[in-house]
Amino acid sequence: MSKKVELEYELKTRSGSAVWALISTPIGLKKWLADDVTINEDVATFVWGDPLREHDIHTAKIVEMVKNDHVRFHWEASEDEAYWEIKMFHSEIAGNYHLYITDFAEDDDVEGLEQMWNQNIERLHVITGM
149 MSKKVELEYE LKTRSGSAVW ALISTPIGLK KWLADDVTIN EDVATFVWGD
199 PLREHDIHTA KIVEMVKNDH VRFHWEASED EAYWEIKMFH SEIAGNYHLY
249 ITDFAEDDDV EGLEQMWNQN IERLHVITGM
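Just so we're aligned: the sequence shown equals residues 149 to 278 in my numbering.
What the hints contain is simulated information worked out from the structure, not anything from laboratory work.
What you are looking at is a predicted structure, and each value in this text was computed from that prediction instead of being measured.
No residue lacks a Cβ here, since even glycine has one placed at the ideal position from N, Cα and C.
Don't take every hint at face value.
Across the chosen pairs, the derived CB separations fall in these ranges [what the hints assert, rightly or not]:
1) Ile187 x Thr161: 34 to 40 angstroms
2) Lys209 x Ala242: 29 to 35 angstroms
3) Leu155 x Lys209: 17 to 23 angstroms
4) Glu270 x Ala169: 28 to 34 angstroms
5) Ser150 x Gly277: 32 to 38 angstroms
6) Asp228 x Ile275: 30 to 36 angstroms
7) Thr173 x Glu270: 17 to 23 angstroms
8) Gly260 x His238: 26 to 32 angstroms
9) Asp198 x Arg162: 32 to 38 angstroms
10) Asn244 x Val195: 28 to 34 angstroms
11) Ile275 x Thr193: 19 to 25 angstroms
12) Gly277 x Asp228: 33 to 39 angstroms
Go ahead and model the full structure; you've got the sequences and the hints to work with.
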């Protein structure tokens, strides 16, 4: 049985449009989440590694996309109903945006999943300065 994992990360930006572009467009997702991303209608294709050598390709259906709020994906290879979601939220106190990540993992994979998201967000911080 998969366990729901919820993570929160603060970004150093007050620009909602910049955050939305990072979580909803191929160009934005390619900056921090995968080596290559394409979106064709409601299917996103993620590539990790060198496409000419060793690489992984996974496709996800875009289950829900609410502009300036969140994107929810479901891995097409997954047999269960688990999803992963990236949600943006503006903090009135600090004025910055936050990302809320919801994902699912088996009990023995939770730590690895959290490390993966931490690395992705670190990459986002380094590449964008956010």
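Hints, one by one, checked against the model:
Look at Ile187 against Thr161: about 23 angstroms separates their beta carbons, and that is not inside 34 to 40 angstroms. Between Lys209 and Ala242 the beta carbons are some 34 angstroms apart, a value that agrees with the proposed interval 29 to 35 angstroms. One distance hint, 17 to 23 angstroms for the beta-carbon pair Leu155 and Lys209, holds here, with the actual separation near 22 angstroms. Our hint of 28 to 34 angstroms for Glu270 and Ala169 is violated, since their Cβ atoms are close to 19 angstroms apart.
Our hint of 32 to 38 angstroms for Ser150 and Gly277 holds, since their Cβ atoms are close to 34 angstroms apart. The hinted window of 30 to 36 angstroms between Asp228 and Ile275 holds, with their beta carbons roughly 32 angstroms apart. At about 21 angstroms, the CB distance of Thr173 to Glu270 agrees with the hint of 17 to 23 angstroms. In this structure the supplied range 26 to 32 angstroms holds for Gly260 paired with His238, their Cβ-Cβ distance being about 30 angstroms.
Between Asp198 and Arg162 the beta carbon distance is about 36 angstroms. The supplied range of 32 to 38 angstroms therefore holds. Separated by about 31 angstroms at the C-beta atoms, Asn244 and Val195 satisfy the suggested range of 28 to 34 angstroms. In this structure the supplied range 19 to 25 angstroms holds for Ile275 paired with Thr193, their Cβ-Cβ distance being about 21 angstroms. Gly277 and Asp228 have their C-beta atoms about 37 angstroms apart, which keeps the hinted 33 to 39 angstroms range intact.
When held up to the earlier numbered hints, the structure conflicts with 1, 4 and fits the remainder.
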